[in-house]
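Trainee: Now for the letters of each chain:
2 protein chains.
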Amino acid sequence: MNTVIQKRLALLREEMKRAGVDYYMIPTADYHNSEYVDEYFKTREYFSGFTGSNGTLVVGQDMAGLWTDGRYFIQAERELEGTGIELFRMQEEGVPEIPDFLYEKMEEGQALGFDGRTVSCKEGRRLEKKLAEKKIGIAYGQDLAAGVWTERPKKPCRDITVLPDEINGKSTAEKLEEVRKKLKEAGAGYLLLSKLDDLMWLLNIRGNDVECNPVALSYGFLTQEEIYFFAQKPAVTEAFEKYAKENRIICRDYDEIADFLEKYDYKGKVFLDERNSNYALFKIVSSRTGHVAGDNPTEGMKAVKNETELSEMEEVYRKDSAAVIKFIYWLKKNIGKIEITELSAARYLDDLRRNTEGFLDLSFPTISAYKDSAAMMHYEATEESHKTLAPEGMLLVDSGGQYMGGTTDVTRTIALGKIEDEVKKHFTLVTIGMLQLTEARFLYGCTGRNLDILARQPLWNEGIDYKCGTGHGIGYMLNVHEGPQNIRWRFTDGMKEAVIEPGMIVSNEPGVYVENSHGIRTENILVVKKDRKNDDGQFLRFDTLTFVPIDKEAVDTAYMQPVDVERLNRYHAQVYEKTQEYLTEEEREWLAEATAPIEK
Amino acid sequence: MNTVIQKRLALLREEMKRAGVDYYMIPTADYHNSEYVDEYFKTREYFSGFTGSNGTLVVGQDMAGLWTDGRYFIQAERELEGTGIELFRMQEEGVPEIPDFLYEKMEEGQALGFDGRTVSCKEGRRLEKKLAEKKIGIAYGQDLAAGVWTERPKKPCRDITVLPDEINGKSTAEKLEEVRKKLKEAGAGYLLLSKLDDLMWLLNIRGNDVECNPVALSYGFLTQEEIYFFAQKPAVTEAFEKYAKENRIICRDYDEIADFLEKYDYKGKVFLDERNSNYALFKIVSSRTGHVAGDNPTEGMKAVKNETELSEMEEVYRKDSAAVIKFIYWLKKNIGKIEITELSAARYLDDLRRNTEGFLDLSFPTISAYKDSAAMMHYEATEESHKTLAPEGMLLVDSGGQYMGGTTDVTRTIALGKIEDEVKKHFTLVTIGMLQLTEARFLYGCTGRNLDILARQPLWNEGIDYKCGTGHGIGYMLNVHEGPQNIRWRFTDGMKEAVIEPGMIVSNEPGVYVENSHGIRTENILVVKKDRKNDDGQFLRFDTLTFVPIDKEAVDTAYMQPVDVERLNRYHAQVYEKTQEYLTEEEREWLAEATAPIEK
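Residue numbers (numbering that gives the first Met the number 0), protein chains in the order written: chain A, 0 to 599; chain B, 0 to 599.
Honestly, I wouldn't trust all of these hints.
All copies of an identical chain are treated as equivalent in the list; a pair is satisfied when it fits inside any one copy or across any two copies.
DSS-like cross-link-like pairs, simulated, lysine-lysine; straight-line CA separation at most 25 Å [what the hints assert, rightly or not]:
{"no.": "1", "residue 1": "K232", "residue 2": "K266"}
{"no.": "2", "residue 1": "K153", "residue 2": "K336"}
{"no.": "3", "residue 1": "K466", "residue 2": "K528"}
{"no.": "4", "residue 1": "K332", "residue 2": "K423"}
{"no.": "5", "residue 1": "K532", "residue 2": "K424"}
I should point out that these hints are in silico values taken from the structure, not numbers from a laboratory.
Isolated chain A, as found in the complex:
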């Protein structure tokens, strides 16, 4: 019996009765559909005990259910034990989606409640449409958790910083002008910008309110003449106030957005990204004026990095790669000699990054997964549960940093000693695929769907797949995952498929995951460049930003063609050249060996 959770649910049910709400839904989200959320927004965790990153709790007077995806079935089962909350395994046969479940369960005239700020416009509209068929109302104006969660942490509110102009490559004035042009083209008079990284990019500022993502809780409202910026008062520093004044950014309080939208004197429609704007604000906009739906115009602009951003990133990636090289050197030297655990290894690497010039934060919590732990794509070693490393098998480390001048993301799987032949084979196939995609030339017009098979083919030929995309976009001193580009072979659930543009940054991370045995992933970050142009069109290619050796001890040349060997040697020659200046004499000697050409 989990009486803590049961008590919380009982109190919530009281609130529901008071509010006249029959079912209450709690998703995992802040007001901006951010990928990571701060403690303040972990309402679903508070009421269910489930700590996974994805899940929605639905509470009625005589039931409570938690919907989550395949990554979390085992964890959720454990964490929900004794709470009385039923687990709904998403995507499994016979498991209803939430709108269908509610449609089935609820009766005419009843009301569904949720905090409209934590539900996207898209999801909210979907629920609205489905439940309207049965005349079920929606009460989205109240956060019922407020009355129960008394010890709730404060909303994150950290200083907003202004990025120096020489690091942006483009002034906010130029960006605003371009966005305004796109708004006109879309037939909209205004832009309601809720997506935090887009807003940071647009105003050339950063915050620190979301774990690992340097963004500030805020909204933007853009007209053809003005830009309103809604941020928490304490986050607005003097420096920012000065900058805002200079750039004619009108500052308002974060909590005023609803009231502002309610009272604004609209002369046209509001452009609004239905996936990244919340339902509560959408309802105001749509009651006051029309809206134009679409991807935020900022998204595509932000994804194509300018020359300044690219040259900053090159530098940052070399330093970040050197930190990872130092880590691998240390690991290989000390394994079997001193005690190293998954956790202490991650900490050692994090410290190396912290000591790197320009370091601001990790770009996501370091994943350090030994042997079969690495088979779980979202494994997290904890104080309570982690492995001690031994001089055998492989350690997968997926990590990255936020630096002044770029965001990094890199995965290496490192042999700590003897490894099995099958593991070597898998590691080699992943290497081949990663490098085959890296060296691709392709015509402008391709999306990630055209390219994905280049990374996957060596594995598919052996009847092996990895159940995730091959690559994602990456921010510039921003979120480690950003769109619209993606490298994947199929797009489901309304995922975006975007043409690969020169200047885009994309990860290249094929892998093999064998349950209870091992997990391998090798991830480099690539930048899209123009290649030759001729009568056949504009060809594109990738340049690599990441320069960390691929563990030759885990490579079996028996599976490689000469061209694969050449590609690996070519890459390794670059690794040495680009990083050696940041290394000690000892590390450099080791790297020379680690990157020396192999022969077939």
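Following the hints, position chain B against chain A.
Mentor: Just chain B, lined up with the frame of chain A:
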């Protein structure tokens, strides 16, 4: 001055006045949107003199314009000379599409005329929508050509044949039942089937009314209880009548379809493929009842070949491959010794096919293109204009047959003597790509868009592209091009993108086309098979149906990896094994040499 055409246009303009039509549009189509059309339907050619396979003529009182695509710009320019007809180069910058052109040119209250049977529902609706904005009417009920084109040939009308049951693999009763199930699922009461190959497939019959396509001019109207079949009276043989009776197929005259649809007592909507049904019939259906738009349910069913069809095809492809081998042997032996032209070579090959057991017809007119002629993808050698072959350079031959038991399609580019290094390089890259796609393993769920790059990558890496898809579906004793599957890297103009299903047949034909220099294409036909199935999903692979040697004299191993050499040798070993029984001693000896393994 081309007075013949000018006179015809003048007469047409008189007809237009009489009919109260301000502009008259003549596309290139029969009433079924067939890929090839019979002489009877070549109205556009009659009024313009342009003989290309794609083009639309628009005639006003003071202008006439012909729209065609890039393949035909040069030819159209020549053929339109002196006719007063303006050439509109489709897809070129600043060239309006027909609806926009008419919208611009025509005035309120005017009328556009066309024979509604020769315009697809889709195109007709598009025109209707655009012109309605300006209150321009559409008169689709009259074929104005009828009054002018007095020496017009008769409509093709050849005997309908019933296929023996042992060659179909599935009875028409079974097929009808499946289609009826799909109709119900789609919420339609009826199916109006205008696509000729789909109708032939459904009823297990064949015709001979469209060049190279064994189809009969006909319509089908399917209800949950009955199937009406509208065909030309003289085409209905006694054998077919007997078969129709046995299968409860209700025969009506071809010309009765409009009247039938007008008077039918509908109890539900009619399913109708907007791309393959004509506008005239659509208008009747939509005035009498609603319609459900979608791809014909027969299309996907027809595309997945059953076991009987597959085993028949395997046999047919071996014999057809042997005919091509005999041709190549003869060509290589005689080149420089006897006079051979592009035309006589094609004729020799056609004769070899004619002498092959089960041969019915060519599946398309043989393309025989020497040296730079092969750079034109749709080159056609004619009596007036063709090349004589010499013992140097390459001859591209793209050909196929209709057999009792299958439709074939194969391209080989053959070295007649010394060839340049660049040509060898291109030939080798094409070979590598073709075989790389052939040997791919891929997960169920892939479409041709995922796979295309496997064939294209060796060329793209060198900055070379071919401006067409890599592969198309192929009929079973039916059209050499059929959908819905396709292998291409992008889909434009509403092209269909379909998941690759086991049992589908697809061509694999990368190429290189260098204007004024050379053209290379190597085309094999593949069948999709199930490969292993495991936790990662159902893997698929291809088996090859075509067994004709790839000219080793044009291969340069310098561009090949060992795996490419292995693939070629593996393929060649199969070629010999599968075809040698059909060859003479001499041919067999030659083939043994032509398929002997190469070494890198």
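Trainee: Next step is simple, just say for each hint if it's right about the structure.
Mentor: We went through each hint and held it up to the structure:
no.	hint	verdict
1	K232 to K266	neither (29 Å within a copy, 66 Å between copies)
2	K153 to K336	neither (45 Å within a copy, 93 Å between copies)
3	K466 to K528	between (28 Å within a copy, 23 Å between copies)
4	K332 to K423	within (21 Å within a copy, 51 Å between copies)
5	K532 to K424	between (38 Å within a copy, 20 Å between copies)
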